[in-house]
Amino acid sequence: MTTFAPVAEATSAHRGHNKEATLNQPVVDVLVDRCAGCQDCIVRCPTGALSMDTRRWVAVADSELCVGCRQCVRTCAFSAITVDGPMIVGPRIETAVVHVEEPLGDNSEIRQGISDMKAAVTEANRCLVCPDPTCVRGCPAHNDIPGFISALREGNLDEAHRVLRRTTVLPDICSRVCDQALQCEGACSWSLAGGRPVAIGALERFIADTVPVPAMEPTSNDGEGMSVAVVGSGPAGIGAAYELAAAGANVTVMEKNDHPGGLLQWGIPDFTLPERVANRPWEDLVRSGVDLQLGVDVTPEDVDRLLGEFDAVIMAHGASQALRLPVAGADLDGVEDATSFLTRGREALANGLDPTTVIPRRTSGSNASGSDAPTVLVLGAGNTAMDVARTARRLGAGAICVDWMDRRFAPVRPDELEEAADEGVDVRFSTTLDHLEGADGKVHFAHLNHTRQDGLGETPQVIKGSTETVEVDLVVMAMGYRLDPRFSDKLGPGIPVRRQVIGVPDRTWQASGIMSVPAPPAARNRPVGQLSLGREEGLNESFLPARDRVWVAGDALIGPSTVVEAMVQGRRSGRAVLAARPRRESVTVPVDLPAKRVLVAYESRGGKTARIASEIAEEIERRANSVVTVRPLAQVRTADLAQSDLLVIGSWVEGFVVAGVGPAKPTLAWFKTIERIGSLPVATFCTYGVNPRKTLDVMKGEVISRGGNVVASAAFGRRSTSSDVFHFVRQIVDKARLQLAEPKPGSDAAANDQPVREVVR
Amino acid sequence: MLAQPVATAVHLRPKVTDGMDERFAETDPNKGWDIARHPKVAQTLKSRRFQFALILPNQIIFWLVIFLGLLGTVVPGLNFGTAITWYLWFCLVFVMMVVVGRAWCSMCPFGGFAEWIQRKAFWRRTQKSLGLGIKFPKSVARYGFLISVAAFLLLTYVEEFFNIAGPGAPAETSIMVLGIVVSALVFFLVFERRTFCRYVCPLSALIGSVGAMGSVAGFRTRDRDVCVACATKDCMRGGDSGYGCPWYTWPGSADSNLACGLCTECFKSCPSNNVGLFLQKPMTSVIAPRRRRLDIAWGVTLLWGLVLFQQVNATNLYASFDGWLNRITSLQYPNPIDYFGIIFVLAGLTAGIAWLVSRLGSRKVGNAEVTSRSRFRSFFVPMMYGIIPIVGADYFARQLPKFFKHVSRLIPSIGAWFGVGSTHSALYNTRLLSDPGIVFVQVAVIAIGTLAALWASWKITGRDLLPLSGHSATLRISVSLVVVACGAAAGILYVLMHAAS
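Same order as they appear, the protein sequences are chains S and Y. If you're matching positions, the first sequence starts at 1 in my numbering and goes up one per residue. If you're matching positions, the second sequence starts at 1001 in my numbering and goes up one per residue.
The hints are simulated quantities; they were obtained by calculation from the structure and are not laboratory data. Careful, some of the hints might be misleading.
What the hints assert, rightly or not - One-sided excerpt, in silico: chain Y residues whose CB lies under 7 Å from chain S:
#: 1; residue: ARG1013
#: 2; residue: LYS1135
#: 3; residue: THR1232
Glycine is no exception: its CB is placed at the ideal position from the N, C-alpha and C atoms.
Just chain S, with the same shape it has in the complex (with noise of 0.2 Å):
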C-alpha cells in the first residue's frame, strides 16, 4: 500500500525553504468557462492541491500546496487547467561513472550505484507517489515504482524487493542496462513537465546491490505436472522460466551456447554488467529444479519434435543473426559480427588472455598517429557498438564508430556516448563505409563517406567526392541485429510484430497524462508516451499463442529488444501456458483443466448482430464447461484475444443485393488493427438481409492471414431461428474441444436441438 504521507512532508519542507528564498510559487489557474467537473485532475493530483466545487461542479485550485508537476494539465480531456510557475523538487541525483585513465585490460563496472542510505532516501523524496504514475506506464514491466520507493523510503527493502518481485525477476540487471529516459525516467511526472525526472534506476538498483534479490518462491500449483520446454536462456527465457517453475511445471531451458544467459552472456560486456550480476537468475533457476541443457542447438525443425516430448514449448531464442553491410570487400578476413567479437573480447578480458588474440596485432608498422596499437572499425553508434568499440580500447586498440547517421538524429545514448569518448572512442556521425580494401586476404583500408540528413526520419544521403581513408585491422559491423528468418516463418503470420499503435490510443493512458507530452527533453525529446504503449501492444502479443501449444516471447517475437521488454514477455508467455494448461495427446493422466475462456465479439447496427452474438454466448455458457465474455468488436484489443481461449467473432453485412456485400467496413476495419490472432481457434458469423455472398469467406480470409483457426462459419438471414444458433454453438464446441458442461438437473440435452424460439424475424 503506498502512502502520500511522505510526499507531503517532502514537498512542504522544500516549500519552506522556497518561501523565504523567493515567490516563485505555481499558480493553477482553472478555466471554469470548459471545466467539466469530470475530476479527472483531483484523482490524480499528487499533492491534493484539486478539490471540488460541488456547487458549481468544478474543479478548484489550491496553489499553496502545488508543486508544479502539471500533472492535471496534461490530464485534463478540455484542457481548461493552467499551472503557470517552477516545479518545486530538490536536485537530482547524480550517480559516478568511473573515469578509466588506461582501458587496457580493466574489466571493471563503470556506471556506479547510490552510495548510501541517506542519498537513496533523499532521491525517493524527489518521487510525488503520483496517484496515477505514468513512470509505471513508462516502464515495459510495469513496476509499481511509487510503491517500490515508498517501501525505500521506509527502510523497509524486502518489501521493496517484495512490490519489484511482482512484476520483475531481474531488478538488478535491468537497473544496470535499461536505458530509463526512454522507459520509466522518461515517462516520470517531473520529466513529462519538463524537469529532471526521479533517478528511478539507480533506486532500483541500490535495493538490489544493498538486499540480496530474493531466491525465487512458489506462487501456486497452476503449473504442476505439466512439462514446458523453453527454447533459449536469454532474459525471455528467464522470464517464461521463473513464471513456470513458480507455480510449479517441470521447465527445461535448451540454450546452445555452453553458458546460460543469453545476450546477458554474449552481449552485454562485465563493465556495464558484472558478471557475477549476470549470473545471478540462472544460479537461482537451477537451484530451483530447472532443468538447463546447455549446448543444444534447437532448428525450427525440432519443433514439432519438442510439441512430442512436452506439453508446451516456448521460443525465446532471441534475435541473434548479426546485420552485415553488403559493401565490396565485407568477405575480407579480419570483418567480423560483433557477436563473435564481443563473446571473444568478454573471454579474453574476463580470463586475462592475450588480447592479440582477439584483435591481431599490425604487422605492417605503426599507423598514422605513430603508434603500434591496431585499429577496430566499428560500423554503427548504437549500444552495440559502443560496447564493441569500449571492449576493443579494454583490448588496447583503438577504435572508431561510424554512424551515416546525423548526430542530432542518431538513437544513441548520450551517457554511453560520453564514456566511450571519455575512453578514447573515435565516434564519427554522418559517416559511413563505403568499401574495405584488403592486402593478402585481410582487411587493411576502410574507404569511409561522409552523409548528410537534415530531418528525423530522413535517410541520410551521401555526400559525393567526401571519401576519406582509414587504416584499420579489424572491421566490426555492429548495425544490430535480426531474427532468423527460419524460426519467423515456421513460427507463423506476423512474426516479428510491430511495436506500434494502430487506431485510437488506449484512453486510460491518454487520461494518465502520458501521451500529452509528445517528446519530454529528458526522453531525449522522444514521443515516450507512443513508445511506452508501443510496447504495451509487444507485450500483449506474447499470451497469444504462435501455433497450438506453441508460445513465442522477447527478441524472438518482436525483434530485436531490449532486456526488461523480453523478461516480461517471457514471463507473460508463461503466464499463459498456465492459463491454457495444454497437453500433448501422449498424456492420459486425467487432469484438472481450467474453463475456456471465450470471447464473442460483434460489430452490430441495427441491433440483430448483438442479438445473436448474446444468444450464441448463452448458448455456449449452457453447453460447455466455459468463461463466456460478450463484447463490440471496437472495443476488443490484442489484451483481450490474449485472455481468450476461443473468439467467436460476428458482423452484419455491408452492401446492397449484390452490390459490395461483405463484412461490414467497421469489421474490417477492426481486423486492420490487429495484427495476429495467434493459433486461437476463430468461429465467425455474420448477419445478413438478402444475400451474404463472400462475406464468410472474406472473413475467414482475414482470421486465416493473422494466425488465426477458423473452427465454424454461419450466416444468418431473416428466417433464421435459434435452431441455427443451436447447431453454430454445438459445431463451434466440437470442433473447439471445448469440454463439455455437466448435465443440469432437469435438463434435457436432446431439446438443445429443437427449435424453441425464433432468434431472428
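With the hints as your guide, set chain Y onto chain S.
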C-alpha cells in the same frame, strides 16, 4: 506475476459524489424522455453519415447563396441568395432555437464545412486532424460567450453599414457568408475542436442563450454514476467511433443545453452506451441550471441592448438624433458612436436596474452567501437568465416583417434560375400579412415572451434570489416589474416603429 500490473500501481484519489444527485436533480431530464432509447433513433444517431446528411443540404444552399449572390440577378428580392437568407433562414433559425436549442449548430454549413476539412473526412472518424490544433488561449477563453456576443455586435454593425440584410446588393450577402465561411475555416485550422463555434461564431451566444428555452436537453448521461466512474472519458477524448466533444461539454455534468451542439459525437463514442438524447420541458435550461454563467448574463444584457437599439433605430426620434450626431462628427450612418453607445447604454441601464434590485432585495444583515462584492452578481445573473424569453421573442419579432412581407418571393427567386421569376409576378408582391397585422403579431410575440419571462423569473427568484433576501414580496414584485417593463418597452417600440414607417 500480476495480471493487471498498471492497475495495481494506480491509487486514484476518491471521486466526490456526495450531493451529486441533489446537485443535478432539477436539471436532469426525465429518464423516459430519452428518444435515443428507440432502436431506430439510436441507429440513426450512431451512424457517422447522419451528421453529414444534416449538413449537406444546408451546405448546398449556402454555396448557392454565395455563387448566386455574386453571379445572379442584382435585384435583392429576386436573388435566391438574399431571398432565402433574409426572408426565411433567419426566421427559421429562431424557431429552431426556441423549440430545440442548438438545432442549427448541428446542421450549420459554416462549421460543418470547416470541420470536414479539419477532420479530412466528411463523416469518417479520422485520427489525425489537419491544422495546428492549438488550444484557445486561456486569456481569451475566460470571456466565454462574450467573444461571440462581441462578434455578433460587430457583424450587425457591418450588416447595418452595408445594409446587407435590407436586403441590399446580393453580392454583399455573398461576401458576408463567404467571410463567415473563411473565418470559420481559419479558426478550425488554427485551433482544436469547434473553438470557432464555441467562442467566436457570431450566432453562438444568441443560439446558446435563447436556445435555453428549447425542449431538447441535448445529449446527457443516462446514469451519472457510470460517467463519474468512467476511466476513459471517450466522450471527451474521442473513442473508436466518435470524436471527443467538439463543444467542450461532458454529458456527465451538463446541466443545460447551452453548449451541446447536438453533434452526436458523445453518443457515438461512449463505450458504455450511457449517453441519451433527452427532451425536457420548455424553459428548463433557463430556470433550472445551478451553474449560472456570468458571461451568459452579460451576453443576454448586451443582446437585449442590441435588439432594443435595432427597434429604437427605426424610430423618428433616433433618425433626428443620428442626423445631428453625423453632422457634428462628420460620420455617416450607422454612426458607430451612437450605434455602440446606445447599445451599451441600454445594456448598462438593464444591468443598473438589476443592481437596484440587488440593493433593494438583499438582506441588510450578513449572509455567508452574499458579500457586498458578490451581491450584484448574485442578483444580476439570475435576473438576466429570467429575461431570456423576452430577448428571444424580440429577436424573433424583429424578423417577422421580412417574413410576412416577402417570404413568397422565394418562389420567383427560384424561378429566376430558369428565367421565369420576375418582379412583376404575383408571388413577388404577395404579402402574408398587412402592416398592422404584422405589428399585432409582433406585439403578441412579445407578450408571449413576457409571460414566459415572468414565469421563468418567478421560478428563478423563488429558488435563487429569495434565499438571499429578507424582503420576499418586495423582491418578487420588483423582479416582475423589471420583466414587465422590458416587455412593455419592446412592445411599445414596435408600435412606434410602425408609426414611424
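Next item on the list: Of all the hints given earlier, name the ones this structure violates by number, lowest first.
Entry: none
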